[in-house]
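Protein chains: 2
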Amino acid sequence: MALLETSKYSQGSVLGSVNPDLGSERQTASFCVERLTALLDGGTEQTRIRRAVVEAIESDPVFSRENQYFQTQNERYEAAVRKAVHLQKKMHEMGWTENGPEYKYIYRALSGDVAFLLHRVFMRSISVLGSDKQIAKWIPLATQHKIIGSYAQTELGHGTYLQGLETTAVFDTATQEFILNTPKISAMKWWPGDMGRSATHTVVFAQLYIHGKCYGIHPFIVQIRSLQDHSLCPGITAGDIGPKMNFEHIDNGYLLLKNVRIPRENMLSKFCEVQPDGTYVRQGSQKINYFTMTTVRISLISDEVLTPLMKACTIAIRYSVVRRQSKLKPGEQEAKILDYQTQQEKLLPQLAAAYAFYFINDYLQELFNRGYTEIQRKNFDMLPELHALSSGFKAVITQHCTAGVEICLRACGGHGYSLLSGLPSLYTKILASCIYEGENTILLLQTARFLIKCFMAASAGQPVPPSVTYLAAVKHGKCPAKNKLDFLSPDIYTEAYQHVAVRLTSNTAAKLQGLIQSGVKKHDAWNQCTVQLVQAAKAHCHYIAVKNFAETVEKLETKAGIQKIMKHLCDLFALHGIFSNTGAFLHDGYMSAVQMDMVTASYLDLLAVIRKDAVPLVDAFDFTDKSLNSALGSYDGQVYQRLYEWAQRSPTNQV
Amino acid sequence: MALLETSKYSQGSVLGSVNPDLGSERQTASFCVERLTALLDGGTEQTRIRRAVVEAIESDPVFSRENQYFQTQNERYEAAVRKAVHLQKKMHEMGWTENGPEYKYIYRALSGDVAFLLHRVFMRSISVLGSDKQIAKWIPLATQHKIIGSYAQTELGHGTYLQGLETTAVFDTATQEFILNTPKISAMKWWPGDMGRSATHTVVFAQLYIHGKCYGIHPFIVQIRSLQDHSLCPGITAGDIGPKMNFEHIDNGYLLLKNVRIPRENMLSKFCEVQPDGTYVRQGSQKINYFTMTTVRISLISDEVLTPLMKACTIAIRYSVVRRQSKLKPGEQEAKILDYQTQQEKLLPQLAAAYAFYFINDYLQELFNRGYTEIQRKNFDMLPELHALSSGFKAVITQHCTAGVEICLRACGGHGYSLLSGLPSLYTKILASCIYEGENTILLLQTARFLIKCFMAASAGQPVPPSVTYLAAVKHGKCPAKNKLDFLSPDIYTEAYQHVAVRLTSNTAAKLQGLIQSGVKKHDAWNQCTVQLVQAAKAHCHYIAVKNFAETVEKLETKAGIQKIMKHLCDLFALHGIFSNTGAFLHDGYMSAVQMDMVTASYLDLLAVIRKDAVPLVDAFDFTDKSLNSALGSYDGQVYQRLYEWAQRSPTNQV
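Those protein sequences? They're chains A and B, same order as listed.
This note's numbering puts the first residue of the first sequence at 536, with every later residue one more than the last.
This note's numbering puts the first residue of the second sequence at 536, with every later residue one more than the last.
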């Protein structure tokens, strides 16, 4: 009905031409945007490959996300399945392979909106946990998509604590089979992706019983649906767990097993085997497997956590130079909202954090690659440190980025609250990253356990891994800064972060020891320290992130203004952290009130400096309009036209 | 398909019987739950009336929210319209009137899930802004629902800053009409509730032009849809603005006006009138009208902000005593997650905040009632203070409660992320309260402006309103606490909060003056102080909330354990605020590091104390299972059975 009127406002001539309020922001960039993009990609060749993948995906209508915000859960699911099938053809057509340089860009280009992701986890678990014979049997079937796999670990009543899983697998020597059962409702498998409707097979984790004795959790391949008509197999009850805050495109499912019999050969047996007579044999070291699981936490950071924050910053910052509200100076035009200090203080620290975590992610990737090489040489020394870092950073980055996306959403006012802004779905999706692959509080406590252990060792003069050697050097000095410019010195703020991390770790270690010495039982004492242990783990990661950002800036090319603007962002990241958490730095007098006022002054000054480059800094992330899928965040800044046009596609206007 | 299997787990005999892990929590309550409920309601008679309303609403199938989480936007809208129509019949049938004692419980009992809420705003604006003649004409039509009203203020490009609205109303002396137009896309009305599909009329705010001169923003009654066939009137383009993060049941709409002519009598003219010859006449004082708008911010706190947090606490705390995970002590059963200190630290401060804000809401209501009486006596002295309090508390409470609901959601892990937990929809709905009825940052700056003004006046020895007299007493003392128990003294912590509020206000006032004296223009100086001004405004409200909680506890009956448990919650609320913001208290040495360690110790001790009463404390909120609509939060704690049963109602399982 409104279509005739529309043309008045939103002809091709308007959409596509850049909003002048946005355009002017680009003309004054202090650095070369294209060079920064190449830096983030790891080189111009990588940028070229990435753009080629994005172009190929986005020009293909099957991969369109155009109507995503208007679709039902079922429509989203069906589209995701269609995309997954089409992707196989596309890869073949484009000559992309799993080992090729294009591969890592595909998922990002699809914005993760594709089905059968658990199929890959299914395959990886067989490769890692299966015998050569099992790999030879199952991997080709999975590769050719003759079966669709899932991964059934979590139960209704059991998540993080794997030993608590209740599903049972009883070995029957007579038939040489395992009999799988869901003994009670809390034992029902719950959450596995692709299991609600798609999967034909799954890897079920269950308590193994042989001759009445429990041998703990083991993985079993179980067929759950017919390869003929996709009906459920005998003894299987399965379905979709229903609506979630996001991931409408994934059929997270439930699974009940009732006397389901599988052959002995279906227990994944690289590390443990049940022989025909029921003899249980353990073989080899699981350490490399353990390492593989640890790396998952690092591997999700880039696509699932950083990309959403970078997108949210792009949307909110572009919108904030197009949106004008109230007058900053009497008699003038209404001001761009990014010119308000409060708006800068919301958005620019998130932008700085996106860069900080981008660089720490590079650091972690490199560290894990080195770790992998060592482990292949049977040197497992790095494992505890890698586990502590991956746990801590997974928690800190997901937490920080989730909060950042929410701030971006709220900073866009009412329009941020519309699904058409793209921000609500970024938020509801990234939020899950705080929960999956290890709940954040539990992960931080694992990092804290490592810190306490290392602190004790260091105090006793024993050697500790590189990332925690600083714990040995408990200093009682004071921050040497004399004026606000001193706080733009990476040495000054890095040292301050280090001091806080040491203080929190040592104080909590002392409290813990004190409690134990006063007769409190060890586990009770630990529990009574956990709030403070979490703080120590966060401080440790924050310190490493700041240090790494400063070191990265140090090494950057000085040309084209890149190093200068990155230095500003590094300073902002560091000072924002102090400004938001002043007590930690003031507590023992390491910083004085006067110094804290200097931090505040430098911090607020930086906001005004970085504000000038805010749009170029998000342009450098190089998101296409299709990948942002946002009425507020497009490159051309034609916010109101898009909101109006998109709203008219809503099914509620077609009723 | 799974229905046969279900019966095994979830017969009537299971659902309804209380989960023993939850039941045991109730046996050890230190206070009388029913008495606390009566206290919250304001007396046992109020409790009785509220329960009767809830019972009448919940037993009526038309008002059912049973399938809410599975419905599309359109289904939600249609259900809300059905409920709105049915509610009229119900009220008549039950003998409930708008002035009766039941009225205020109806909306809460419906969980706000009803259409035509803007119809009430439409009526109120006519009552407040219309002449007697206009009231006599329109209010009966609206009361009898012969017309459906909306309220069209916000535009695509204009929100908070009303002067910036671009819709025009040009007076045509020849025809005695106003001609309304949307001159550009940013002037399109956007967001008004009930306007996308329902409303026949709306109050449009537009710039009034007479003989080419602009007289600013005025309200006009405009018919937008036919009373015969509901089609759009000539010159009107309107529709739904599309999907949002929540409020699927509301048809928030857009409106374009093209040479829409309305009679001169349709400009609401209690305060301003355009005479037939185009003479513009201003009459009477708008102050009481201004006051009415201010009260809206207070009136939304109870149903839109406190109730969601109280529900979230109920859900998360009940779930946290049913969910068991990992072992706290070796060899024992897995522990209830509420027994972990980190879980207590997430949830119990939210519970304390819910009570704190419940009591401050009572305080504000009372203050506003007093204000209303004064204003009716033409005494407008209280207006600035009331405006500052309503702005500041609207912002602080919405912000705090939104964060609290998010914490509750995340504290429930994966199950919290399922829509079936009820937590996602509580979160996505309460989030909007940070944006509507005045964006929070802008509101806090209004409070800050009042604080600075009063601080200057107080410094100059002039009288200031009661809530800010404390600003006159700038003290440079130190916190007198000597041990951790001293921090359970309301005098000690209230004074600390007061000290921080004074310091932040006076420091920011000094910075502002310094900037202006150094030659920075007033508006630039203000902008450069806004981040700190926001902090000062928050500290002011936090101080008043703590003081009010302490004073409320003081006055409570000492019987039945009520005062004691409320005192614990008050202490927790106060100490949590210090613990989360240590820098503010340490900054100028008001508290020492040693004292801060005492705060931490007392705070952590309190968690363990309140944990024992956590379930009774949420039981006292007296939410029915239907009003919680949560698989995790029911009174009986049969979490897993409900999740399983509810999931099977998902349309994705019926495909």
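The reader is advised that the hints may include incorrect statements.
Sample of chain B residues at the chain A side, in silico, Cβ under 7 Å [what the hints assert, rightly or not]:
no., residue
1, 565
2, 778
3, 860
4, 880
5, 914
6, 1061
7, 1175
8, 1188
9, 1189
Quick caveat, the hints were computed from the structure, so don't treat them as lab data.
On a predicted model such as this, the values are computed, not experimentally measured, just so you know.
We put the CB at the ideal spot given by N, CA and C, even for glycine.
What hint numbers does the structure not satisfy? Per hint list: 1, 5, 6, 9 violated.
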